[in-house]
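Trainee: Use these hints to put chains B and C onto chain A, whose structure you have.
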Amino acid sequence: MKTNSTNSQSAKSTAGGALRPPRIPIGNWLGVLPFFVFSGLFLIGPVLILAYRSLQGPEGGLTLDNYGQLATNTVLSSYGMSIKISLTTAILGGLIGFLIAWVVSMGGLPPRVRLLTTTFSGVAANFAGVPLATAYIFTLGRVGLITALFKWLGVDLYRTGFSLYSFLGLTLVYLYFQIPLMALTILPALDGLKREWREAAENLGASPFQYWWQVALPVLTPSILGTMILLFGSAFGAHATAYALTGGLFDLATLLIGRQISGDVLHNPGLGYAVAMGMVLIMAFLIFFVYSPLQRRSERWLK
Amino acid sequence: MALNTNPKGEKRMKARKLLFNLLTLLVFASLLAACGGGATEAPPAATEAPATEMPATEAPTEAPATEAPAATEAPADPMAALYEAAKAEGMLTTIALPHDWCNYEAVFAGFKAKYPDIEVNELNPGAGSGDEIEAIKANQNNPGPQAPDVIDVGLAFGPSAKEEGLIQPYKVATWDDIPDSAKDPEGYWYGDYYGVLSFEVNTAAVENPPTEYADLLKPEYNGQVALSGDPLASNAAILSVWAAGLSTGATGEEAAQAGLEFFKQLNDAGNFVPIDGNSKTVGIGETPVMIDWNYNSMLNNVNLAGNPEIATNVPTKGSIAGVYVQAISAYAPHPNAAKLWMEYLYSDEGQLAWASGFCYPIRYNAMLAAGTVPEDLAAQLPSTEGAFFPTIDEINAAKAIITEGWPTVVGVTVEAPAP
Amino acid sequence: MTTTPASAASATVTVQHPVTRKRLSSWLIFGVVSLYFLIPLGATFYWSLRGTKDVLGFEAYRKLFADTNFLPAFSQSIVNAIAAIFLSLLIVVPTAYWVTLRLPKLRSIVEFIALLPFVIPAVVLVFGIILLYSRPPLLWTATYNSSRVVLICIYVALSFPYMFRSVDNGLRAIDVRALTEAAQSLGANWPTILLQVIFPNLRTALLSGALLTFAIVIGELTIALYMAQHTLGPYMSDLTRSKVYEPSAMAIVAFAITWAAMGLIQLVTGGQAQTTAGH
Numbered sequence: 000m001k002t003n004s005t006n007s008q009s010a011k012s013t014a015g016g017a018l019r020p021p022r023i024p025i026g027n028w029l030g031v032l033p034f035f036v037f038s039g040l041f042l043i044g045p046v047l048i049l050a051y052r053s054l055q056g057p058e059g060g061l062t063l064d065n066y067g068q069l070a071t072n073t074v075l076s077s078y079g080m081s082i083k084i085s086l087t088t089a090i091l092g093g094l095i096g097f098l099i100a101w102v103v104s105m106g107g108l109p110p111r112v113r114l115l116t117t118t119f120s121g122v123a124a125n126f127a128g129v130p131l132a133t134a135y136i137f138t139l140g141r142v143g144l145i146t147a148l149f150k151w152l153g154v155d156l157y158r159t160g161f162s163l164y165s166f167l168g169l170t171l172v173y174l175y176f177q178i179p180l181m182a183l184t185i186l187p188a189l190d191g192l193k194r195e196w197r198e199a200a201e202n203l204g205a206s207p208f209q210y211w212w213q214v215a216l217p218v219l220t221p222s223i224l225g226t227m228i229l230l231f232g233s234a235f236g237a238h239a240t241a242y243a244l245t246g247g248l249f250d251l252a253t254l255l256i257g258r259q260i261s262g263d264v265l266h267n268p269g270l271g272y273a274v275a276m277g278m279v280l281i282m283a284f285l286i287f288f289v290y291s292p293l294q295r296r297s298e299r300w301l302k
Numbered sequence: 000m001a002l003n004t005n006p007k008g009e010k011r012m013k014a015r016k017l018l019f020n021l022l023t024l025l026v027f028a029s030l031l032a033a034c035g036g037g038a039t040e041a042p043p044a045a046t047e048a049p050a051t052e053m054p055a056t057e058a059p060t061e062a063p064a065t066e067a068p069a070a071t072e073a074p075a076d077p078m079a080a081l082y083e084a085a086k087a088e089g090m091l092t093t094i095a096l097p098h099d100w101c102n103y104e105a106v107f108a109g110f111k112a113k114y115p116d117i118e119v120n121e122l123n124p125g126a127g128s129g130d131e132i133e134a135i136k137a138n139q140n141n142p143g144p145q146a147p148d149v150i151d152v153g154l155a156f157g158p159s160a161k162e163e164g165l166i167q168p169y170k171v172a173t174w175d176d177i178p179d180s181a182k183d184p185e186g187y188w189y190g191d192y193y194g195v196l197s198f199e200v201n202t203a204a205v206e207n208p209p210t211e212y213a214d215l216l217k218p219e220y221n222g223q224v225a226l227s228g229d230p231l232a233s234n235a236a237i238l239s240v241w242a243a244g245l246s247t248g249a250t251g252e253e254a255a256q257a258g259l260e261f262f263k264q265l266n267d268a269g270n271f272v273p274i275d276g277n278s279k280t281v282g283i284g285e286t287p288v289m290i291d292w293n294y295n296s297m298l299n300n301v302n303l304a305g306n307p308e309i310a311t312n313v314p315t316k317g318s319i320a321g322v323y324v325q326a327i328s329a330y331a332p333h334p335n336a337a338k339l340w341m342e343y344l345y346s347d348e349g350q351l352a353w354a355s356g357f358c359y360p361i362r363y364n365a366m367l368a369a370g371t372v373p374e375d376l377a378a379q380l381p382s383t384e385g386a387f388f389p390t391i392d393e394i395n396a397a398k399a400i401i402t403e404g405w406p407t408v409v410g411v412t413v414e415a416p417a418p
Numbered sequence: 000m001t002t003t004p005a006s007a008a009s010a011t012v013t014v015q016h017p018v019t020r021k022r023l024s025s026w027l028i029f030g031v032v033s034l035y036f037l038i039p040l041g042a043t044f045y046w047s048l049r050g051t052k053d054v055l056g057f058e059a060y061r062k063l064f065a066d067t068n069f070l071p072a073f074s075q076s077i078v079n080a081i082a083a084i085f086l087s088l089l090i091v092v093p094t095a096y097w098v099t100l101r102l103p104k105l106r107s108i109v110e111f112i113a114l115l116p117f118v119i120p121a122v123v124l125v126f127g128i129i130l131l132y133s134r135p136p137l138l139w140t141a142t143y144n145s146s147r148v149v150l151i152c153i154y155v156a157l158s159f160p161y162m163f164r165s166v167d168n169g170l171r172a173i174d175v176r177a178l179t180e181a182a183q184s185l186g187a188n189w190p191t192i193l194l195q196v197i198f199p200n201l202r203t204a205l206l207s208g209a210l211l212t213f214a215i216v217i218g219e220l221t222i223a224l225y226m227a228q229h230t231l232g233p234y235m236s237d238l239t240r241s242k243v244y245e246p247s248a249m250a251i252v253a254f255a256i257t258w259a260a261m262g263l264i265q266l267v268t269g270g271q272a273q274t275t276a277g278h
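Taken in sequence, the protein lines are chains A, B and C.
Note that the first sequence covers residues 0 to 302 in numbering that gives the first Met the number 0.
Note that the second sequence covers residues 0 to 418 in numbering that gives the first Met the number 0.
Note that the third sequence covers residues 0 to 278 in numbering that gives the first Met the number 0.
So here's chain A without its partners, still in its complex pose (with noise of 0.2 Å):
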């Protein structure tokens, strides 16, 4: 099937020298099919319904007013509140992640350190949801340890006009599945920085500011932006952590959508998947003209 004329191809290819793609053009099409069939049951076919419901009204008719709806101060300011947010965690995260990730592979510390920050990252990132959200109010809220210290040193912090359920706050607690989450996955990216590249540098002249301005950061860039928007997706789809530290109160996207389909009282459900809709559109926004020209450019860099 996938491997009949590989190895007449092979020697062709050595022949003549450049790499010619196998002429199996089925075999390709095999190698995503899973992915797109698993794709398309689970995650577009919901979108597709996703899409028809936003278009219908609370009596059930069909209707373009829960898109209307969107323009209006309410939906606008929770999209831009999302946005906030997942922007700013994706950064913040993105920068710490990327220094602890750094750290842990090249910083000089023992393996055994290594292997501590994979498996807690991992485990860090499953804290996400109720567990995390209950945490930090036992750490930061009214009655929480650090509120507590700081009390004991003689400041009251909520007096200053901090607050948990604040977007301070809630950044604090999204960034602490962020950075795990940069951290794993940015490690696969630093191990192939191969030590060749740095001794190569070295033995030019360059110091290590230079190398990694000039060598390892170009190299790294497609995989940091790529994981930056992963980081970006994850706080902007975040619901439990945001819905378990206020029970909904926060101008959050996600929340509104909540509100529209299992409040007992707005309950417009239409309108919920519409906003829903405008999630989905808005991070396709952001991939495909954001991301992707982003990528092909730092791309151009390295060959």
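Don't take every hint at face value.
What the hints assert, rightly or not - Distance windows between CB atoms, simulated:
no.: 1; chain 1: A; residue 1: D64; chain 2: B; residue 2: T407; range: 18 to 24 Å
no.: 2; chain 1: A; residue 1: L94; chain 2: C; residue 2: G41; range: 20 to 26 Å
no.: 3; chain 1: A; residue 1: K193; chain 2: C; residue 2: V54; range: 53 to 59 Å
no.: 4; chain 1: B; residue 1: E185; chain 2: A; residue 2: S291; range: 32 to 38 Å
To be verified - Derived list of chain A stretches under chain C, where covered just means 3 residues or more per stretch with a C-beta under 8 Å from a C-beta of chain C:
no.: 5; region: 79-92
no.: 6; region: 122-136
no.: 7; region: 179-192
no.: 8; region: 286-292
Please keep in mind that the hints were generated in silico from the structure rather than gathered at the bench.
Quick caveat: nothing in here was measured; it's all calculated off a predicted structure.
Beta carbons: idealized from backbone N, C-alpha and C, even for Gly.
Mentor: Just chains B and C, lined up with the frame of chain A:
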């Protein structure tokens, strides 16, 4: 891939593209076909209902159970026939019934003890009324364990669910004991229990528990007062806002507006904690004063067993009562089990189980008159004197004002701090 | 720093200083970040010890383990997680490989699909799934176990962002083309290339992906809830709503057991994590 100079490669490329497009179309087409017949289907007849179905959805017997049988093959005890039918179905699926809400734990235990051959499948205890409605809608044709048979929702959801065709009528044996104001005349929905809003107070964190809404504004409760839900989405939270307004002496829609003003004041004073309170946040002292149903507060106190002590204070001004209603899903996969469940809930045993959870069962007055309420249970139920029992229309009117006004009047949503 | 031919003694002397400084700053960074992660855990642990009034003890843990629902829920989640990881690896690795090597034009689409799980809210996703597969001809939700299979498949789809990103990063780090060419010129066919050349070189990436997938599945709440599955997520949520101290005990226990599971996964994949690559 140097394909530019390779015409054969170009053709291959086009062929691949075509293939890809066809494949995609195939996948999407099959998906659309699958969900094509989907969206709005006629309600399916209760599918697997076995032959010996309980006759008539109206069981007009005056006294419970052991009376003369209704038609067909039913033996002396109509409950027995229903039990057989339910046994054949084998399962009951409930939703949104936390074990510590009106002591549903005891209700479940009693039901399982009495009808051991029916497996009880509990869905999503944390669901809100809206969730329950959505669950029925989403599982319209689903015979599986995700489809709820019965729902327990806020009063206003009864009529709307009936209108959307999501529930089916059934009148329990003790139907006549249910006050008219709390049931649908055709039997689609029927009140099950009620309680009054109260202040749930963590006495370890609060020295001087508040007794009236006006108290909440005092500086000693700075950073301590919370609602039990989101006032844009939760029935109890909305009624709390309304109640605060009622406590000022206003009535009806004006009270709703007054309630909004009250919470604006509360928030400006720094007393309001803008999070969803629950028994945990009260227990650890994060929201040491919470406005919630008396039954939740009292049961929480029992469960915490003094660690810490929870006080339940029902205000005299602005006391508001909330009624919940039961209904059977029109698409219930196990309709007979559902009916059996209803019969149990409205039997003395079921009603008293709720009472043990500090809820007023809907048949309370009738049972009190019949002398079937044990004295100790009656004693521990809080007074509902002076409590306002709003009608569905009044609730909807207040709801509209509060949900619309909350973001602007009280304006408690989180924003980025000013730079 | 530079490898100039100097005497051994002076070379070690000049080399040590920067290395120690680097190591010190590494430890500093590591320490500060660790603090950020450990404090909330510590707070949780502290609260879990307050099950009895005025005394620090393990009452909450006792109550937790006395609950007959806890361990079955946990084991169900673990099994689901392992199944999801396997399936996800089988699907994502060939996909990432083919997209990188042969079908670069598909990259944008695949990336977009791989990020879809983030923007489809879980509640919307599960309702969509139920609507699609709760009636003939695709009646897959009729029983608990068939629903469980559907659940695992959903988890596989949810793992795509993490799995794809990890594998993609890993593929970039190794020279896929060269490896493939070399293998091909040695006469390997596609399955051999994938299984014996690509997979082993992707160990770190696969490990990362597996760990993250495990994390998603183990405590997942919304979808399991609506699919009527008795896994850890719904159990935790229920506990949190009603109890005050047990949830903290549960979080700590889940933490410990997940840690053990993670450790096991690392062992099984050969403990690749020790070696460090370039500087």
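Trainee: Could you tell me which of the numbered hints above are not met by this structure, giving the numbers in increasing order?
Mentor: When the structure is compared with the hints, numbers 4 and 5 turn out to be violated.
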